[in-house]
Amino acid sequence: MSPDADALVLARALETLETVILGKPAQIRLCLACLLARGHLLIEDVPGVGKTTLAHALAHVLGLAWQRVQFTSDLLPADIIGVSIFDRAQQRFNFRQGPIFTQLLLADEVNRASPRTQSALLEAMEERQVSADGTTYVLPEPFFVVATQNPREQLGTFALPESQLDRFLMRVTLGYPDAAHERALLRGGERRELLPHIGAALDAAGVLRVQRAVREVHVADALLDYAQSLIASTRERADLKLGLSPRAGQGLVRAAQAWAYLAGRRSVLPEDVQAVLPPLIAHRLERRDAEPHGPDPGLAAEIIRAVPLSP
Amino acid sequence: MSAAPDLRPRALAWSAAAFTGGVLLQADRLPLWATAVSLLAVAWRLAAERRRLWLPGTLQRALLALALAAVVLARFHTLNGLAAGTTLLMLMAALKLLETRGTRDERILVGAGLFLLLAACLDRQDLLRVPLYVAQTLLCCGALAGIAAPQLELLRALRLGGRALLLAVPLALVLFLFFPRFAGGFWAIPRGDAASTGLGDSMDPGSIMQLIANYDPAFRVRFHGAPPPRETLYWRGPVLHEFDGHAWRRGPERLRLRAPLEPLGAPVRYQVTLEPSQRRWWFALERPERAPAGRVFLTYDDQLVGTEPVAEPLSYEAVSYLRSRSPAPPPAQLREDLTPPPGNPRTRALAATLRERAPNDAALVAAALDYLRSGGFSYSLTPAPLSADAVDDLLFRTHEGFCGHYASAFVALMRAAQIPARVVTGYLGGEWNPIGSYLVVRQSDAHAWAEVWLAGSGWTRVDPTAVVAPERLHRGVLDLLPDAFPTRERLLHSPWLRALFAGWDAANSWWGTHVVKFSYEGQLDLLRRLGVRAPDAVDLGRAFIAGLLLWLLWLGLRITPRPRGVRPDALGRAYLRLCRALGRAGLTRAPHEGPLALAERCAIERPRLAPAVEGLLQRYAELRFGRGADDQAVRDFTRAVAQLSLGRWSGAFP
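Taken in order, these protein sequences are the chains called A and B.
Heads up: the first sequence begins at 1 in the working numbering, then just goes up one per residue.
Heads up: the second sequence begins at 1001 in the working numbering, then just goes up one per residue.
If you're looking for bench data, these hints aren't it; they were derived computationally from the structure.
Since we're looking at a predicted model, the values are computed, not measured.
Here a beta-carbon is modelled for each residue, glycine too, at the ideal position from N, C-alpha and C.
Any given hint could be a false lead.
What the hints assert, rightly or not - Just a few of them, taken from the derived set where beta-carbon distance is under 7 Å, the chain B residues facing chain A:
id	residue
1	Ala1507
2	Trp1511
3	Val1515
4	Ala1570
5	Gly1572
6	Leu1576
7	His1592
8	Gly1594
9	Ala1597
10	Ala1621
11	Arg1624
12	Phe1625
13	Gly1626
14	Arg1627
Just chain A, with the same shape it has in the complex (with noise of 0.2 Å):
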């Protein structure tokens, strides 16, 4: 299929989803950038906003293998990544994958893993392999992790360190559905059960060619300047804990693309920039004074604003 096909389909993917997520196109539309943008996803809410069913629609649009894992405190490494177990018969170790060789892993409660368990489903995310008793195996192509996260619920859950946040490449919010959507969901039942009446959009190769394509679209100089002011901005700033780190801006201008792409433009504008800053920026960085994890909207849209677009 050619790239604009690609694209027809989904934005044909886009529509579908919305019809399962009620009320939250931006969102949808942020959550497929991200993953077309070879970025991990962090769904951060309060139970029972769909943030599970939103990970479940994204698997199945995007016609992809996936598995998922509830993390809990006992949650061994093991548990995710697989164990090898000694085959009498063959005399040798044999390596039983774990739930994570699979093309999107939906990980559910991922802060209430211990740290151990934590930072080895991180390693994998960052590496796209793991390692087993000295041998390295290779994670399917393409690899996404969509965790999910309850920002309020503090006891026994270990809160992830920034260096592990930053390998999310953005953090969304679905928040509740306004009174019209809302009278939707409560007419029609479960939108869990919509989920095998939807067709697959795409398949595994059509992804990693749609991911092909996000990389082609341009991004010119000028753009470049403007993401490099952006991402100077916050690290100017002396009311924020940290600014964006590299990898962090490299993010930005991946996610402008996927953007751009879901456009249908093939370069990538400010505006694209604009539209993934949030999301970007929501889980990254944190005023001196501000609660932890407290969502914080403006922010922003306030180092938008303070840095000018020059002509």
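Once you've looked at the hints, dock chain B against the given chain A.
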């Protein structure tokens, strides 16, 4: 610095232009042949660059240099002094042009251009020349930019030079206001050939005539208070005592100071600004109370005589009494002014007759004036020539003349009648400048009158010309006898030209007193007005350093790299223009707003503009952020923006 070979002629042209500008500034100061030689060298060098003409070698150049130096020496008899030195430098720089090879040589020539500018500034400081000086400064700065970066276009280089100059303006101001300028002739370079002008120390009947045809100002006067009536404005100059039958002279220099005056009436206070005359006369109204502060004496004959010739504009405060009684001098002094005229027998006879009839000296003076009034005398600037017995000729034969003739004849007659008398030369009246509220006294206001000693009232002014032509007291000579003057002076006389001249003279006078003659005293006065109590040279130095530091600070702030403060490229400029047009139409782009966001907002807030604007904004987004925009596309975009007409937002929504 290595410039591409095809850029070399440009750098050469810049240096030649800067040098030529300097040469042209000297055109009316230095000998014409020197200007011609310099310009010839420029033409030669430029032609050689284009056509590969022959250029002189080292030996030829050395010989040329020696020859030109010899010519300068022969002409000026020195190589020193402003004129000779400048001529020599100009000629040598012209030779230098013939051997220019690299950037260094070209810079030297620009330096010569700047030096010639400096020399011109030292010599001539009229307001009229200021634009020329500014132009030459700009040319030299542009040339420096153009030589450093020959790829710059003409206007770009000039603009660059102009910007550098503008940055330096505050420094120039600080230097002008606060750099301590010590009294004395720091710039006193011998000038040599400056001719003296104005009244001399002798007067023959024709000498005043030369002055009367001269419209140049002699001095300007600012009265502190209401100006006195015009007919009382007798500006006293050289007093002449010795008569040889034809011409009057001041006589031998006598250092006698005047005794204090007995004033009758209120004093007149005023400030005089003399034009350079190369003579030692300072002028004051009759009669000065005392010598003004400065290097000047008040002599026994009520004349102000400076210790040195007036070579530069000079200002002084003076106090005079229009009515006063002078103290009686020693009889020996009075006798000097009794020497009767040689020859002139008929005058002596007339004097004897008058003496017989008059009961006293005052009556004799009145009788003599009556004789002039009723004797058929007339005022003329073209009188018949006089023979050796000049006084006899005037009184009994020609019956016509002007102030010089009548003053001379009257004093001779008085002396023949045994009344001490002397000729006073000076100026009468002046022209009031309503724009600057000051009086201009011109050479054409030159006048001569008589003074007689009368027991009881002391030295008394008698103006025989006023008897012959009473209107001379109220009007200038130009008014009185316009036909006697050449066309140029008559043209100057038309009312609107006169108003124009008054304005110009006021500007010139302001320039002269406030800029050219801004002195150490002026600097201290400025500090005083700025609130420094009892300022001195140290305060001036402090103010200068403070100003310098402020300027450096300002400069430092200016050249700090601003974040992305680079000048936008052609596409950016066109986009900014589009945004400005949108702003005028009521849609202002936020600094962070991208083109498509702006287009969206336009569609919502100003839907009427959207069709015209949306396409352009999208085009800009493609050109700026798309794959490589070619120049043609940018030009098309620029043209489209230029043709766009959105009108002005009247406030009506949408």
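For this session: Under 7 Å, Cβ to Cβ, is where tryptophan 1511 of chain B needs to be relative to chain A, so tell me if that hint holds or is violated.
Result: At 45 Å from the nearest chain A Cβ, tryptophan 1511 of chain B fails the 7 Å test, so the hint is violated.
Exercise. Per the CB criterion, is glycine 1626 of chain B less than 7 Å away from chain A?
Worked result: Holds, about 5 Å.
For this session: Under 7 Å, Cβ to Cβ, is where glycine 1594 of chain B needs to be relative to chain A, so tell me if that hint holds or is violated.
Result: holds, 4 Å
Problem set entry | Hinted contact arginine 1624 of chain B with chain A - closest CB pair below 7 Å | Check passed: Cβ of arginine 1624 of chain B comes within 5 Å of chain A, closer than 7 Å.
Exercise. Are glycine 1572 of chain B and chain A close enough, Cβ to Cβ, to be under 7 Å, as the hint says?
Worked result: Nearest chain A Cβ about 4 Å off; hint holds.
Exercise. Close enough to count: is the Cβ of alanine 1597 of chain B nearer than 7 Å to one in chain A?
Worked result: Holds. Min distance 5 Å.
Exercise. Taking the closest Cβ pair, is leucine 1576 of chain B under 7 Å from chain A?
Worked result: Since chain A brings a Cβ to about 5 Å from leucine 1576 of chain B, closer than 7 Å, the hint holds.
Exercise. Should the hint that alanine 1507 of chain B touches chain A count as held when the rule is a Cβ pair under 7 Å?
Worked result: violated, 44 Å
Exercise. Close enough to count: is the Cβ of histidine 1592 of chain B nearer than 7 Å to one in chain A?
Worked result: holds, 5 Å
For this session: Using Cβ atoms only, decide whether valine 1515 of chain B comes closer than 7 Å to chain A, and label the hint accordingly.
Result: violated, 44 Å
Exercise. Can the hint on phenylalanine 1625 of chain B be confirmed by a CB-to-CB distance to chain A that is less than 7 Å?
Worked result: The hint holds - phenylalanine 1625 of chain B has a Cβ within 7 Å of chain A, the shortest such distance being about 4 Å.
Problem set entry | Status of the hint placing alanine 1621 of chain B at chain A (closest C-beta pair under 7 Å) | holds, 6 Å
Violated hints, listed in ascending order, are 1, 2, 3, 4; each of the other numbered hints is respected by the structure.
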